[in-house]
Each structure stands twice: as structure tokens, then as C-alpha cells.
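Asker: The lines below spell out each chain.
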Amino acid sequence: MKCSSCSKKAVYSSQGRSYCKDHFLNYFERKIFRTIRKFSLMKHEDKICVAASGGKDSLAVLYMTMLYCKKYKIDFFALNIDEGIADYRDHTIKDLETFCKKYDITYHIISFKEKFGYTLDELIKKAIKKGKKPCTVCGILRRTLLNRGARELGATKLVTGHNLDDESQAYLMNLFLGSMKHSAALGPVTGFNSNNKFVPRIKPLYFISEKETRLFALLKGFEVHFSECPNINLSFRAKVRDKLNQLELLREGTKNGIVNAFLEVLPDLKEKYKNTKEFSYCKRCGDPCAGEICNACILEEELCQE
Amino acid sequence: MKVFIEKENKQIVFDKECTAKELLVELNINPTTVILVKNNETILLDEKLSKDDEIKILSVVSGG
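Protein chains in written order, with the working numbering: chain A, 1 to 306; chain B, 1001 to 1064.
Read the hints as simulated data drawn from the structure, not as lab findings.
All figures in this text were calculated on a predicted structure; none of them were measured in a lab.
Keep in mind that a hint or two might mislead.
To be verified - Keeping only pairs whose Cα atoms sit at most 25 Å apart, straight-line, the calculated DMTMM-like set for lysine to aspartate or glutamate is:
id : chain 1 : residue 1 : chain 2 : residue 2
1  : B       : Lys1048   : A       : Asp22
2  : A       : Lys94     : B       : Glu1006
3  : A       : Lys94     : B       : Glu1008
4  : B       : Lys1002   : B       : Glu1054
5  : A       : Lys8      : B       : Glu1041
6  : A       : Lys8      : A       : Glu252
7  : B       : Lys1007   : A       : Asp242
8  : A       : Lys9      : B       : Asp1053
9  : B       : Lys1010   : B       : Glu1022
10 : B       : Lys1056   : A       : Asp22
11 : A       : Lys21     : B       : Glu1022
12 : A       : Lys8      : B       : Asp1052
13 : A       : Lys220    : B       : Glu1017
14 : A       : Lys2      : B       : Asp1053
15 : B       : Lys1021   : A       : Glu252
16 : A       : Lys8      : B       : Asp1053
17 : B       : Lys1056   : A       : Asp242
18 : A       : Lys132    : A       : Glu114
19 : A       : Lys115    : A       : Glu97
20 : A       : Lys9      : B       : Glu1017
21 : A       : Lys220    : B       : Glu1047
22 : A       : Lys220    : B       : Asp1053
23 : A       : Lys243    : B       : Glu1008
24 : B       : Lys1056   : B       : Glu1026
25 : A       : Lys21     : B       : Glu1047
26 : B       : Lys1007   : B       : Glu1041
27 : A       : Lys243    : B       : Asp1015
28 : A       : Lys94     : A       : Glu122
29 : A       : Lys2      : B       : Glu1047
30 : A       : Lys133    : A       : Asp90
31 : A       : Lys70     : A       : Glu122
32 : A       : Lys133    : A       : Glu302
33 : A       : Lys220    : B       : Glu1006
34 : A       : Lys2      : B       : Glu1041
To be verified - Taking beta-carbon pairs under 7 Å as the criterion, some of the chain A residues facing chain B (in silico):
id : residue
35 : Met1
36 : Ser5
37 : Lys8
38 : Ala10
39 : Val11
40 : Ile93
No residue lacks a Cβ here, since even glycine has one placed at the ideal position from N, Cα and C.
Taking the hints into account, I'd like the entire structure generated from these sequences.
Answerer: Written out as C-alpha cells, the structure reads:
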């Protein structure tokens, strides 16, 4: 198959168009820059923190953030959370370090071990005994460290590598669980209650699929080891992801359709849930939370104080 | 042809000339979840594969 824009051999096809390497890279960059502009994700006065695991999504978003920030003279850096997942995170951190050195990007690493006294591998053993799921523990603690780290390093925005697949999965999961309130906190800019202790999260890859991201990483020659978290198959998300991929095969554009339909109702959802939840501050750590003690401190007390 | 399946970290030998799409059907792999590489070049599903080709099936799923 030939590229729809020139006579070169196509490396990608989507929605009736095919792309050679150069036209695909161009399409990828334009799509991301358009998302950043459309949703005002980054401004000149921002200090951008890119949450970077070293996986393909984060390296792609780090690279594109670098291009955008250099073009518009915006300050940025990378932040990695080392959960301590043996034979997984150590590989991606190495990829991230190589990448940051190559492009001269400032990066910081914060570890579970240093902040909580245990690695995630150690915490999971305790969590499973107490009936908790690994992804829940990891998600809460990682989000907390990302927010704290970004805030303490002076960031005004936190870039994540969440993509079209992540967003369509999250929306469907919330639908299945009957939790529209959680969907109100999705979207290209995360969070529905502004709070000066909460660094807003932004998703430049919002309309980019996982396949496009991996292809981009491959064509750019980024050193990315294939890495699937060893705990993913225990999650509900993995089941939704697989079903969604089957639907995408049956009808191309399904994920786009889900996300675009979601964006139509998102303003109403944000309005509905805008002031229903009063934010207070955790009595232990001072971070914003819904109750007296934040979920991270509850987990820390349950799992780390032994 | 030699076929490397990244997700399973295994290499198999496939002795049938076919298209990339037919190969994925034979291996029961959903094309939306992979990128195909033939002799170090990214290919699409209509590509014809022959016995001497080296194929990589790269998974696009990562993270957790």
C-alpha cells in the first residue's frame, strides 16, 4: 500500500488514509500539537513536569513535550516514580536515563522505597493478604508521589502519557461500575476541583492510540524494551482493554468514537460534579483529599507500619 | 519464515507463503494490538510474506 500523500510505501493506515514514515511522523506531531492548543494544555508561563516511566508512551510524550516547549520557550523536566517492580521498572528507568542524557533533559527519580520504606513488590505481598489489588495500591501511591514530586519541584502542570486507549478504557470501566463521578475527572485536563496543592494533569496524547505511539517510538529509534507490568493481568482494566481491542477490530474507530462521545458530555459531567465534593486536607500529610485522611496515608498505615 | 512474537518472547518457524493478515489470523493475534516488521521494515496487513522473510510481531500494549 502506498502513502496517501506521496508515492512512498506506507507504514501505517487509519480511517481510510495511509502514511509513509515521514507523513506518519508529521501526522503524529500535528495531532499532538493540535490537542495541546485546542485544550490550552501548556502556556508560556507554565513549568511542565512530564511523568516519565521510560515506557513508549512516556518517552513519546516526553519527546513531543520537549519539541513543543523548545518551540514556545516553556520550562520543562521529567519525573520518574520508581515503584520497585523487579524485572520491569529497572529496564524502563534505564531507557529513560539514556533518553534524557541523549536529549539533555533534566530528570528526577523518586522511589517507593525511599518514601514509603518498601518497594511495590514488597507492598503487594502484604496487600494481597489484606484483599487489596496490586493496581489499586500502585495507582494510589504513584499518583500521590507524582503530585507531591511535581509540586515540590515547582511544576504548574503534570504531563502524563495517557492515550486514546487509556481514556476509552477508563470511561468504559466507569460506565460498567456506574461511576460517572469518576468520569467527570477524566478528559485532556484532569481534575474537576482546582486546588493549589493539586498539580493539574494534562494529556497531550489524548487522541493518539497505543499503536501510533509504539510505531512512533519504533520509527524514531527510541530504545524501548517491550514491557508489560507483571501485575496487569490481575486488573479489570486488562479485561476491558482486550474487549475494546476486539471491538476496534470489528469496527475501526471505536475508541475514537467512545472518546469523542465522552467529550460531548464531559462539560455537563464536570458541571454536575463541580461542587459536590468539598476538598479538605489530609491531617497526616497535608495533601488534598476527600476525607480526613488521604488514601495514600491510609494505605501507608495499613501496609507500611509493621 | 522466521517469526518472532515479542509478547511471548518466542520465535517460531512458519512454512506457508501468505499475507501478513493471514499470518496473524493463523496465530490468533488481533492486528490492532501489534505492529508488523518484515526484514527490519514496518509493513501493513496486505504485505505478502515469503519463506525467507524474517518477521517480528511487536506488541503495542505496555504499562499497567
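Asker: Going through the earlier hints one by one, which of them does the structure break, listed in rising order?
Answerer: Hint check: 13, 27, 31, 36, 37 and 40 fail, others pass.
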